[in-house]
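S.K.: Chains A and B are the protein sequences, given in the same order.
All residue numbers for the first sequence refer to this note's numbering, where the first residue is 519 and numbers rise by one.
All residue numbers for the second sequence refer to this note's numbering, where the first residue is 66 and numbers rise by one.
Each hint should be verified, as a subset may be incorrect.
What follows is a set of in silico ranges between Cβ atoms, one per label pair, in the way DEER data are often shown [stated by the list, open to error]: (1) B:K300 with A:G732: 21 to 29 Å; (2) A:L699 with B:E214: 40 to 48 Å; (3) A:N693 with B:E201: 46 to 54 Å; (4) B:E201 with A:T788: 51 to 59 Å; (5) A:F783 with B:I156: 53 to 61 Å.
Which bits of chain A does chain B cover? Going by a derived footprint, with three or more residues having C-beta under 8 Å, they are [unchecked claim]: (6) 565–577; (7) 638–649; (8) 652–661.
No lab work stands behind these hints: they were computed from the structure.
We put the beta carbon where it would ideally sit given N, CA and C, even for glycine.
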Amino acid sequence: MSEERLDKWDRELNRSSGISTDRNNTPVSALIRTLGKTVNICELELRKIRRDYTDLLIRAIQPILWLTIFGTAFTHISQNSIPSLAIAINGGLNGISYLEYIAPGILAQSVLFISIFTGISMIWERDLGQLDRLLCSPVPRTAIVLGKSFTGGLRGLIQAAIIFVVAVVMQISINFNPLYLIGVAAIVFTFGIGFSSLSIAISTIIKSRERIFGLVQLLTMPLFFASNALYPTQLMPEWLQIISFINPMSYAVDALRILMITGNFGRLLTDVVALAISTTVFIFFATMAFRRIER
Amino acid sequence: MINLHYRKHEDHQVSTIRRKEFPSSAIKVNSLRKKYGRLNSLNGISFEVFPNEIFGFLGPNGAGKTTTIKCITTLTKPTGGSIQVFGIDAISDPDRVRQNIGYVPQSLSLVGELSGYENLLMYSKLYGVPKEHRNENIFRILELLGISEKADYQVRNYSGGMMRRLEIGTALVHNPPLIILDEPTIGLDPQGRRMVWEILRRLVHKLGTTIFMTTHDMLEADQLCDRLAIINSGKIAAIDTPINLKRNVVGVSSEGRGTVGGDVITLKIPTDSRSSAISIIGRELGSKAEIVDDLSLRIILKDVDSLFSKLLSILIKAGIRLDSIDVQKPTLDDVFLQYAGTRIQEAESQTMESWKSIRNVRRTFRQMG
Numbered sequence: 519m520s521e522e523r524l525d526k527w528d529r530e531l532n533r534s535s536g537i538s539t540d541r542n543n544t545p546v547s548a549l550i551r552t553l554g555k556t557v558n559i560c561e562l563e564l565r566k567i568r569r570d571y572t573d574l575l576i577r578a579i580q581p582i583l584w585l586t587i588f589g590t591a592f593t594h595i596s597q598n599s600i601p602s603l604a605i606a607i608n609g610g611l612n613g614i615s616y617l618e619y620i621a622p623g624i625l626a627q628s629v630l631f632i633s634i635f636t637g638i639s640m641i642w643e644r645d646l647g648q649l650d651r652l653l654c655s656p657v658p659r660t661a662i663v664l665g666k667s668f669t670g671g672l673r674g675l676i677q678a679a680i681i682f683v684v685a686v687v688m689q690i691s692i693n694f695n696p697l698y699l700i701g702v703a704a705i706v707f708t709f710g711i712g713f714s715s716l717s718i719a720i721s722t723i724i725k726s727r728e729r730i731f732g733l734v735q736l737l738t739m740p741l742f743f744a745s746n747a748l749y750p751t752q753l754m755p756e757w758l759q760i761i762s763f764i765n766p767m768s769y770a771v772d773a774l775r776i777l778m779i780t781g782n783f784g785r786l787l788t789d790v791v792a793l794a795i796s797t798t799v800f801i802f803f804a805t806m807a808f809r810r811i812e813r
Numbered sequence: 066m067i068n069l070h071y072r073k074h075e076d077h078q079v080s081t082i083r084r085k086e087f088p089s090s091a092i093k094v095n096s097l098r099k100k101y102g103r104l105n106s107l108n109g110i111s112f113e114v115f116p117n118e119i120f121g122f123l124g125p126n127g128a129g130k131t132t133t134i135k136c137i138t139t140l141t142k143p144t145g146g147s148i149q150v151f152g153i154d155a156i157s158d159p160d161r162v163r164q165n166i167g168y169v170p171q172s173l174s175l176v177g178e179l180s181g182y183e184n185l186l187m188y189s190k191l192y193g194v195p196k197e198h199r200n201e202n203i204f205r206i207l208e209l210l211g212i213s214e215k216a217d218y219q220v221r222n223y224s225g226g227m228m229r230r231l232e233i234g235t236a237l238v239h240n241p242p243l244i245i246l247d248e249p250t251i252g253l254d255p256q257g258r259r260m261v262w263e264i265l266r267r268l269v270h271k272l273g274t275t276i277f278m279t280t281h282d283m284l285e286a287d288q289l290c291d292r293l294a295i296i297n298s299g300k301i302a303a304i305d306t307p308i309n310l311k312r313n314v315v316g317v318s319s320e321g322r323g324t325v326g327g328d329v330i331t332l333k334i335p336t337d338s339r340s341s342a343i344s345i346i347g348r349e350l351g352s353k354a355e356i357v358d359d360l361s362l363r364i365i366l367k368d369v370d371s372l373f374s375k376l377l378s379i380l381i382k383a384g385i386r387l388d389s390i391d392v393q394k395p396t397l398d399d400v401f402l403q404y405a406g407t408r409i410q411e412a413e414s415q416t417m418e419s420w421k422s423i424r425n426v427r428r429t430f431r432q433m434g
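So here's chain A without its partners, still in its complex pose:
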């Protein structure tokens, strides 16, 4: 039975098969193809997440601990023992609590961590041979980079949703205006894409699993602590303020803080432009590095 069916299929397939000489390479068709394959790569990654979301849940624990333990403790400490911090937060930013101040920072941090993991998981895929399968398929290199980065952005969105729930439970007052929420989503997505691309660029160049973990630690620490995620930059020494100024994370945190908590639109445009530029640059790096992968 199955033998007959296979034979029939084989005959039909044989009639239609030959050597593919598809050379439709106008810039427009190439762009459409790249975008199409980007969507396919995203779908592949999202299917993985759907089948196995424990990773995402485990990753949500760390920001929750930051908020519940560090946030609660430091709210208490800053009120009682660090008057300058309390003044900088409360005086400058119409009376918000320290917990409210760091909530956007913790959100950005968890998106940063999950994005950086995109590159690490690509090293796994390379060792397993999954990446080779993609590289010798007609999928454009750019689509692989974009697909993986966009998935990093989407994972960031899932993190954001979880943190929002936690924030509500902790009675952190967040602005739930739908327009603001869309803004938060857009910032998280862009930021996630940017740092996923950066991690892809790094892992493409580094290649080794042993080295990448150390390097990622080396990268995330200053990104997080030399930003405005945990404390206002004006309290930092000047050299740290300079680092914070060129740190894309500061702009993401600032934008998120505006949209989620303060509503002071003063610097939003600067933040968005800075974020857009850094993400574009990172995507460019990643694509360039990846195109030269072993060829």
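Following the hints, complete the assembly by docking chain B onto the known chain A.
M.R.: Quick look at chain B alone, frame taken from chain A:
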């Protein structure tokens, strides 16, 4: 399960149905060189794979098998030389080569979290299989692989044999005219190996597919491959059909099993009739029989099949009592030893080591989640 009984090409009229418009060669490699830093991985190899054949690459670890595959599959750029796949230049036009090949790496590249169906679906999409053919095509492949019933199970729960077959299946979604496999049956039990062979033979005979594969398995090289290239230290030592390779073995193996240009026949003959046997064999067959020990004589014949009945009849006619007769033909193991300078077993154990390390990577991967 599908049961197919295909014979090899030598005694098989090449399938009547063939792919349209085939160029005369599927792969044409010319003085291919690859350097990694200062290390020469390939020292100028040349070979040609013809359409609709199974071409095997046999060699010890580090001989350059995987490097050759990486060059053909456009995963790495050679230092020098040329590669053409169906007449398409793999170095200047890698994209068009990629459309026409299916690659099955040695490691497990499936997505363990997804089901078998999903793995095939995602590869179909990535290879741009038109939507209207996609599902039918996937069902055909599942049927071919014999895993239709397990299609919706997560791949990480599959047996090793099923994973390997699905691995091959994901390289078939776009019905490529050339399939490249790196050690396709490594780590499989004999039954699993046989199932893979049947799938590959079916592709060649029914769909006119060309197969290029590496192997360390002598039986596989002998029974599955139409032609073999033996590669050693980045150079090709010999290319021929398994039969011809065995026919031309000239070395003597350490166990005395191998031969000097032919098949070894060991006769057990009573001591008293030994000298007459030696003279008859020398006169009638023109070959010298040596004394092995008290009981046995050894003759080396170029082609035992055509002379076997003659040998028996002259001995019987002379009234010599034959207690036993043993024929040893050269094996690919002897061929391998001659060209690669090492026994398969040794090379194999090294390859198994690397397979184990892949398994370990995989295990760690699972633990990491």
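S.K.: Does each hint hold? Answer for all of them.
M.R.: Status of each hint after checking the structure:
no.: 1; hint: B:K300 with A:G732: 21 to 29 Å; result: violated (40 Å)
no.: 2; hint: A:L699 with B:E214: 40 to 48 Å; result: holds (46 Å)
no.: 3; hint: A:N693 with B:E201: 46 to 54 Å; result: holds (51 Å)
no.: 4; hint: B:E201 with A:T788: 51 to 59 Å; result: holds (55 Å)
no.: 5; hint: A:F783 with B:I156: 53 to 61 Å; result: holds (55 Å)
no.: 6; hint: 565–577; result: holds (count 7)
no.: 7; hint: 638–649; result: holds (count 5)
no.: 8; hint: 652–661; result: holds (count 6)
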